[in-house]
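Colleague: Model the full assembly from the supplied sequences, consistent with the hints where possible.
2 protein chains.
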Amino acid sequence: MPYRSLQDDIVYEEDQYELTEDGRVPSKHSFTPKYQDGSTIDWLHEEGLERERNYRLQSQAGVRGVLFPTLESARLWLLVILTGVGIGIAGAWLDVLVKWLGDLREGRCTYGFFYNSNACCTGIGPGEICNEWKSWGDYLEVNSIFGRSLLHASIYVVLAIAFAGSAAVLVESWAPLAFHTGIPEIKAILGGYVFDKFLTPWILLIKALGLALSVASGLSLGKEGPLVHVACCMAYLLSRLFKGFQQNEVQKRRMLAAAAAAGVSVAFGSPLGGVLFGLEELDTFANESEVMWRGFVASAIAAVALQWVNPFGTAKLVLFQVTFVSDTWRAFELIPWIALGIMGGVLGSLLIRLNVEIALYRRNSILHGWPVMEVISVSAVTASISYLIVFARVQTSELVANLFQECDPTKPDYHGLCNPTATTQNIFLLFLTAILKVVLTAWTFGIAVPAGIFLPTIGIGACLGRAVGLITQSLYRAYPTAWIFLSCPPDPSVRCISPGFYAVIGASAMLGGVTRMTISLVVILFELTGALSHVLPIMICVMTSKWVGDAMGKDGIYAAWIAMRQYPWIPPVDYRDGGEIGTNVMKPLSELVVIRDGITTLGELRQFLKQYQFHGFPVIDGHDEFVGWATRQALDANLGRLQLDDTATENSKKCTFSPNRFRIPLHERVDLPEALEESIIELRQEAPQELVVNMFQKLNLRQIIFTQAGKLTGLVTKRDIVNLLTSHFPHTGALARTQPDHDEQ
Amino acid sequence: MPYRSLQDDIVYEEDQYELTEDGRVPSKHSFTPKYQDGSTIDWLHEEGLERERNYRLQSQAGVRGVLFPTLESARLWLLVILTGVGIGIAGAWLDVLVKWLGDLREGRCTYGFFYNSNACCTGIGPGEICNEWKSWGDYLEVNSIFGRSLLHASIYVVLAIAFAGSAAVLVESWAPLAFHTGIPEIKAILGGYVFDKFLTPWILLIKALGLALSVASGLSLGKEGPLVHVACCMAYLLSRLFKGFQQNEVQKRRMLAAAAAAGVSVAFGSPLGGVLFGLEELDTFANESEVMWRGFVASAIAAVALQWVNPFGTAKLVLFQVTFVSDTWRAFELIPWIALGIMGGVLGSLLIRLNVEIALYRRNSILHGWPVMEVISVSAVTASISYLIVFARVQTSELVANLFQECDPTKPDYHGLCNPTATTQNIFLLFLTAILKVVLTAWTFGIAVPAGIFLPTIGIGACLGRAVGLITQSLYRAYPTAWIFLSCPPDPSVRCISPGFYAVIGASAMLGGVTRMTISLVVILFELTGALSHVLPIMICVMTSKWVGDAMGKDGIYAAWIAMRQYPWIPPVDYRDGGEIGTNVMKPLSELVVIRDGITTLGELRQFLKQYQFHGFPVIDGHDEFVGWATRQALDANLGRLQLDDTATENSKKCTFSPNRFRIPLHERVDLPEALEESIIELRQEAPQELVVNMFQKLNLRQIIFTQAGKLTGLVTKRDIVNLLTSHFPHTGALARTQPDHDEQ
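If you're matching them up, the sequences are chains A and B in order. In terms of UniProt numbering, the first sequence opens at residue 1 and continues consecutively. In terms of UniProt numbering, the second sequence opens at residue 1 and continues consecutively.
It should be emphasised that the hints constitute simulated quantities derived from the structure, not laboratory data.
The list cannot tell twin chains apart, which means a pair is met if one copy fits it or any two copies do.
Simulated pairs of lysine-lysine, DSSO-like, Cα-Cα distance not exceeding 27 Å:
#: 1; residue 1: K711; residue 2: K654
#: 2; residue 1: K587; residue 2: K711
#: 3; residue 1: K610; residue 2: K587
#: 4; residue 1: K197; residue 2: K610
#: 5; residue 1: K610; residue 2: K653
#: 6; residue 1: K134; residue 2: K411
Since the structure is predicted, the reported quantities are computational estimates derived from the model, not experimental observations.
Modeller: If you want it as structure tokens, here you go:
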């Protein structure tokens, strides 16, 4: 008989947050299912629990049957609203902290250490000069130019190292999981991966603090991705206040999805972009309008909270407000824009590859043991080089805001960008900054501090775009009457080309190449810049960039990290098989651990449950006919209810599951039909692989049973599908944290 | 044995477009499956055909194995691009035609009959007066005031009746299916409903022409929905040029989805909104990034084409450009906005109910036989009443554009809206117009002309919103120092409240109440108005309106029409059962027409195929064990290949499908295992109803088989699920065009 052990050498840590809470369980469905970190939830089973719970609520007698479901719904929306408000306030608070820490690298407020440069100078009229905010040279009254330069550079570099180092120490000592962006993990969790350790209050605290420190240190990283992680931690924490959302893994994930949308909403000041990010990138709202709706509400409320706190004092959600010379654009501009799209696709793919290579090198070299030292070195190098280049010295968000601005004689000329005599120099510096940032970002995204990839990518793209815009503008100024510029006014002093908008286009292209997002990206860029009138060029450019990028490698940066970590996440790709059928990925019956209806004894079953940590077991009868699927939890619960006889009797009793059990006398059998799952999907062996993948993608399945004329022939699990879909990626599992497969038959 | 006929009294029309094309078919999968209009496609089966086709293309020897798939892909994108360009140009041409016809009701161009008022007056400077465009009174040199008024009113009313009447005659004589919006049918078609007659070139032509006439007639209808239908007809026509897209029903639907997105893109000048409309409302891109991507490209290209043709001479996509007094809004404004949201939800639900009641009355009264007369009466009433009310006289699109404008002393004051002494009168007139338009729209949406519901709904909402805005503004002007207005400047001459933006809010609320869209609606409104800085109020208002509307009735207007027509369309709702299991909707074995493996003879099988028009039959063996699912097409094809013996022998031969066939001697059996479908999904009887509905929603299934320990127990078809989900709607099937169920077991 095919009773084979696949991996019985795995030892499990108890999940510290849930497993110890309850002991003996009274009925099949009335206990909380426990999943170990690293396993995959059984979506259909959890839905079943939720259904039972709702049914119990609704079937209460009298008023309670109406009141309880209403209260339940009210609690849910209260949780959504609280989450939105919490994330909005946390995001605003982070912005304030980052601004203060970042400003501290350049100077301080004379009348109070804890004011940032904006807060310090409030109440100053437009023409006045703010004397309250002093650079360190002024404040410490160093008068020699050399001394001042040295002082400024030293403080700049030293504080950068101090901030980054503290962030790394915090992360390494208190919450090692709080490093990196968190998006790959959130994607995996929302897809059913169990990773409760990733959402603890400690991680929330350390990630938020560490994020503020690492952003302020001037490392080439952004706060957007980690903010989504922070939002999810917050929702997880809040949902503990409400029983029910915490107990049901599917409900928990629905709340987390709404929180993630709210996180994006706050990160970019983009409520609509948040919802669409949830829809497209997190792939969680598919067909669940209820969940999308929650994301919508959470996003809107988070944005209201952010606007109410008003961290930048502008009362605006649009972070990088763009004002264009004209609302129209000319057909010839499509040439540089499509060129930018191609550049974005190529450079994005290169950035992903470089980042993957560095991550592999880090894991396999001496760096692996010295994460804090690595952070300190990277921040020292970043700060030293950045200080020398005018565009790299300021914080990336400030750089992007300035690059997106059009030249306007009535406004200050940031970094000399609008100086027409320095165009060549500017173009060179912009390209240099872009290349530098590509290398620094590829290294930084993965070191032991919280780090997002969005903002640096926008920065790289904005530099490239502005450079291309300047080139186009110079060409137009040099040859204003060339046929290609015919649609522009012939007088070159009239503006025709907006280099600021080229920067927006460049940012879109680069983001498209790195993240491979499409619609949510376009919406986020609108809401970020207010550039609604230029929707078409942005769409065309994102399209080009994604096409070029996909030709150079299918995976976006998050998909690459998910594959390297080997999380059980099924990418929402359109999988097309080459004629293979389901049996291709199937684990055949001979390799499965099965329970035999009416043959396996109670003693053997107990032995099974000890020996194998699998989530569930197929039950078949003597002729291999498929009887059902018994989960470990249901078996445990059913066995727990049994009156225990002495071991000898017990071991002679047969376990029965099907209606055929009456062939066996009552005293020789144990009836366990309740241990069978209701929601089990069967397919024929000849079912095309495409259908199998499709069902896993759309129904969040954990396993599909293959039968032929009633006989069990094999089993496909989510892990098999994940392996199939990541097989093209050469470094799958290179950074795996947990042993895969450990609870999947 | 349970051989029962369910409906053998139905006679089928042959599908005139496809059925006559081919006769005998050589192999199982190499023929085009034919579906009758009114049936539902078998999504998995079609996917299988597509897979086989791709496999054949890729497995060609040598260069052809690379070249053919590349060509295939190039053809596909060429089709997408052509569709986009075609829809963009068609939309622009329609705009021009509508503008000319509409202007004709007021006057004509002196130097050319075929110029509209804009084209007639091109080249006129901003200060100059256009003398070339003359009202009919001027042109015909009628000088008495009474005579002029009478002339203008008569021409207005007579031309309205003439336009609407011609549209109705065109529709009734040439293409009766071209009336109404078309969105419900497109939704059903995209969901798998077969309705090829709905997409013919005739319909394309008549719908486009009729649309121009009916919009120009001033009836309370819009062009947006019908334009989506026109776009789909165009894609269908173009796809005939490309073999393969036409033959495969799933491929065809993917192209139609992209075309529908492009249609919305052109209708609203909203490329991003088009994609999101496809995503949310048409529910077709779910998890199919490839299809979403096509919609993205088609939308973008259609918008480029529209902008290139530039029908309005503004070179802008934003149709109703909004400019606000300030970018910020005050917290107290949430009160009137949420009030507007509630009004929108209530009025939207009322409009839906009224429309449904009128549709039922039309069907069951004498009106049913006199569609053209009804159109003429409605247009006469509409024109007569509208001429009397200043806000109703202009075309709805013009009214909306003006209502969205802020008052600005430097610009003309449309309709006296900005006259501060006429505020009370304006508020009264605006409410009156809104009520009038609700009634007229409820009647017009369903008469025998092409008619969309979007624009009239926007018009109603804009009137309401502007009225509420004027009320708020009056309150502020009367009590500028009240505590609620504290956040406004205390000087009432400074603007604090923007009634124009209230009109935008009102339009959002009303649209939310009528269509129950959420995200795509918000995006369309952005792109329509450019009001990006006010994303939050619009989101909050759409939320409120949808909540209130859903409380008054779950269905949006399209869902209501789909239910009345009884199209097999599964709404993408979050279905939650109350503890029911799948058997609740299941048709049990005893009611099914089955083939018995090794028992049914060839003669009986032939008899079966003649007697029942079902799409497929379950095959079971002697013990009711489920062997497989044989489609009618596959059976036909396999029987066609047989060498025919004499009838007597034939009738004694048993049909065999399973590997068990070897029990029967070769000369006594016919082997038909190839007739079984590969993609058949089995569930246990205890599977929760929620899972069953979910699988139909997400996998586009046609049927699910229920088995218990290998034995067939029943069958659930798409039609059963549709009936389940529309059971709450009291008028399901009231307007049904085709007999339902006619090909579903």
